[in-house]
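Novice: Residue numbers (this note's numbering), protein chains in the order written: chain A, 1 to 351; chain B, 352 to 663.
For the record, the hints were derived by calculation from the structure and aren't laboratory data. Hints may contain errors.
As the list claims (entries may be wrong) - Pairs of lysine-lysine, DSS-like flavour, derived with a Cα cap of 25 Å: (1) Lys335/A to Lys529/B; (2) Lys461/B to Lys327/A; (3) Lys529/B to Lys502/B; (4) Lys657/B to Lys215/A; (5) Lys461/B to Lys541/B; (6) Lys327/A to Lys459/B; (7) Lys550/B to Lys459/B; (8) Lys657/B to Lys213/A; (9) Lys529/B to Lys213/A; (10) Lys541/B to Lys657/B; (11) Lys550/B to Lys327/A; (12) Lys215/A to Lys459/B; (13) Lys541/B to Lys213/A; (14) Lys541/B to Lys327/A; (15) Lys461/B to Lys550/B; (16) Lys335/A to Lys461/B.
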Amino acid sequence: MAHIETSAGASREKERRFDIWDFIRSNNHLLTLITLMLLASLATRGIFLRPSNLGSVFTRAAALGMIAIGQTLVILTSGIDLSVAANVGVCIGMMFFIQKQGLGPANMIVVGALTPAFVGLINGLFCAFTAVPPFIITLGMSMIVWAFILGGIQPGATVFEDLQIFINTKVMASLPVHELIFPILVWVTCSLFWILMLRYSRFGHNIFAIGGKEKAAFYGGVNIQRVKILVYTVSGLFAGMGAVLYAYKLGGTNPVAGKDFLLESIAATVIGGTALTGGEGGVLGTFVGTLVMATLVNTMNILGVHFSIQRVILGAIFIVFVFSLNKIRQFAIQKQYSRSTAGLLAGNREK
Amino acid sequence: MLIVVYIALAIFITIYTDGFFSAFNIGAILGLGSIMGFLVLGESLVMLTGGIDLSVGYCAAFSSVITAWTMIAFKDLLPPSLIVALLIVLGIMGGAFIGLINGLSVAKLKIPPLIATLGGYGIAYGLAEFVFAGIPTRLEIESFSAAVRVKVFHIFPISSILLAACAVVLSLVLWKVKFGRYVYAIGGSKSAAFLSGIKVDSVLIWCYVLSGIFAAIGGLLLAGWMRVGDARAGGGYEFIAITAAVMGGISLFGGEGNVWDAVIGIMTLQTIRKIIPHLRISTFFEDGIVGAILLIAVLVSVVSVKRMRAAA
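Please take these sequences and the hints and turn them into a complete structure.
Specialist: So this is what it looks like as structure tokens:
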């Protein structure tokens with residue numbers, strides 16, 4: 001009894017007291033980013049912090065960030081989208097096709113972004129109406145999409161200068177900012193939009209509900225099918241928009257160039273603190289996680305790490321991150337649990 | 352079940368094409384099919400535990416690059432026969448290393464297999480690419496590839512006989528040996544297996560290591576078959592391996608299916624892939640057709656599992 005009394009007394013004090021695991025759990029992405037940026041500036045002797053370099057970090061992050069937003073939404077519903085790389089490829093392929101037809105940059109952007117959205121729609125329909133695991137559906141779809149790109153469109157390396165000129169003169173000219181900031185602007189706007197959507201809209205709440213427990217969400221009156229279809233469509237759409245930004249930034253590319261986006265988008269999501277089991281995390285975390293990824297790649301580039309060794313390091317870091325975030329989550333849940341049971345016991349005693 | 356499908360397919364093909372089943376074509380199907388068959392063996396083993404291994408393709412690529420590298424690095428130091436022995440050991444160790452990383456992350460770090468092996472995929476790809484900066488490199492020792500390309504009775508490549516032997520051993524292990532029964536037990540229910548005293552962690556780690564080793568054997572043979580060590584050679588093979596395993600009736604949720612059907616699965620798939628150029632369809636569509644088969648196969652298996660549960 002004495003033991004319970006002390007822990008109950010302590011627990012009330014603890015409500016206001018600082019709990020390290022809780023703090024780490026809710027801010028892990030920010031802590032990672034700050035630590036990493038410090039390490040990066042130390043390792044590169046300050047080159048990292050130069051404004052021109054930071055600018056390139058953010059621009060690089062923008063394309064990945066857009067793709068990772070879609071991936072995050074899917075993972076929040078406890079699914080996974082393995083077709084993002086193929087979606088990036090099909091977007092670039094369609095832009096090549098439209099360019100060859102001479103239909104102009106505006107059409108390139110629209111068709112480029114909507115084709116992956118259509119792929120996402122099919123993914124969503126399959127995920128909503130069959131019991132096949134999402135990773136198999138998106139894997140099979142990505143193989144079909146690759147066949148469509150390589151066998152159907154047959155694009156080569158493409159120069160997207162007209163796209164750059166179009167965006168610089170038509171879109172960005174009316175805004176009072178530098179034109180090169182366009183990818184960052186799109187990325188930040190979309191991130192903000194989805195942060196607000198997840199926090200305040202019913203659709204956002206439904207995503208979390210499905211990820212938390214699908215059956216409970218169903219009995220709670222959530223239209224699971226509609227939410228799933230929408231989420232996968234959005235993932236496709238954002239992969240397409242990311243690909244447009246990627247093409248804009250590079251000024252020329254080929255569809256196969258985006259193959260790394262699959263691993264990187266999942267990594268950015270996971271580093272941002274979104275649980276792979278779904279229902280926990282969000283787009284704000286992914287925003288930070290994307291910056292972490294971009295910082296890592298940028299630092300390794302400055303340090304002259306071989307690009308294939310970078311892949312090894314990213315793979316290893318990926319595993320380490322999933323593990324340590326799982327552990328932190330466990331600790332925090334244990335703490336919460338022990339605190340709430342102590343509180344419960346205290347409440348019983350007062351009655 | 353699948354064998355019936357295969358026979359139907361074969362009859363269809365014999366009727367609608369003239370002379371598709373020539374000794375040469377059969378040899379080609381068996382050759383690449385059995386090389387991928389090794390990847391399927393590993394993939395099936397992992398899938399029987401209820402996991403999935405996305406790294407097998409680049410595991411094979413890694414060991415094929417090791418093959419080319421060993422031949423160049425020890426060219427003047429050792430006689431060719433010793434080099435071949437060494438490259439087999441090194442290649443298999445490379446595969447086992449990737450498998451060990453996967454196994455430890457799944458069993459000890461409790462990372463979902465899909466994610467853990469995606470990490471392993473990145474590591475294997477990076478390592479394979481690092482050796483020759485991704486450039487396909489010719490094998491120095493011609494006799495190695497000549498040996499791999501030997502066809503017994505002018506039809507059966509060496510790799511197909513090796514695969515048959517490995518499949519027999521593996522299915523016996525899965526059927527008769529404790530380890531094999533543990534694999535099925537874990538696939539059925541991890542917690543039940545744990546509570547009945549099975550060392551789940553070590554069985555899981557062994558499964559992933561074996562998957563890496565099988566993939567590495569596939570990679571060695573692939574290098575010999577293609578006469579090059581190529582970091583991108585195995586890319587996409589993981590999807591083919593998964594598709595073949597699912598076609599062979601190995602459940603995605605673990606604990607069901609057997610290795611033999613998976614081997615028949617890869618042969619069926621390889622026949623379909625081989626018939627595509629024969630029908631004058633662009634080979635770019637091969638993967639798309641495999642993807643469609645994957646979706647259909649999983650759909651069928653999910654529906655049949657549902658029926659079985661409903662009947663039980």
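Novice: Evaluate each hint against the coordinates.
Specialist: Now the hints, each set against the structure:
no.	hint	verdict
1	Lys335/A to Lys529/B	violated, 40 Å
2	Lys461/B to Lys327/A	holds, 10 Å
3	Lys529/B to Lys502/B	violated, 36 Å
4	Lys657/B to Lys215/A	holds, 17 Å
5	Lys461/B to Lys541/B	holds, 12 Å
6	Lys327/A to Lys459/B	holds, 12 Å
7	Lys550/B to Lys459/B	holds, 12 Å
8	Lys657/B to Lys213/A	holds, 21 Å
9	Lys529/B to Lys213/A	violated, 37 Å
10	Lys541/B to Lys657/B	holds, 21 Å
11	Lys550/B to Lys327/A	holds, 22 Å
12	Lys215/A to Lys459/B	violated, 30 Å
13	Lys541/B to Lys213/A	holds, 21 Å
14	Lys541/B to Lys327/A	holds, 20 Å
15	Lys461/B to Lys550/B	holds, 15 Å
16	Lys335/A to Lys461/B	holds, 20 Å
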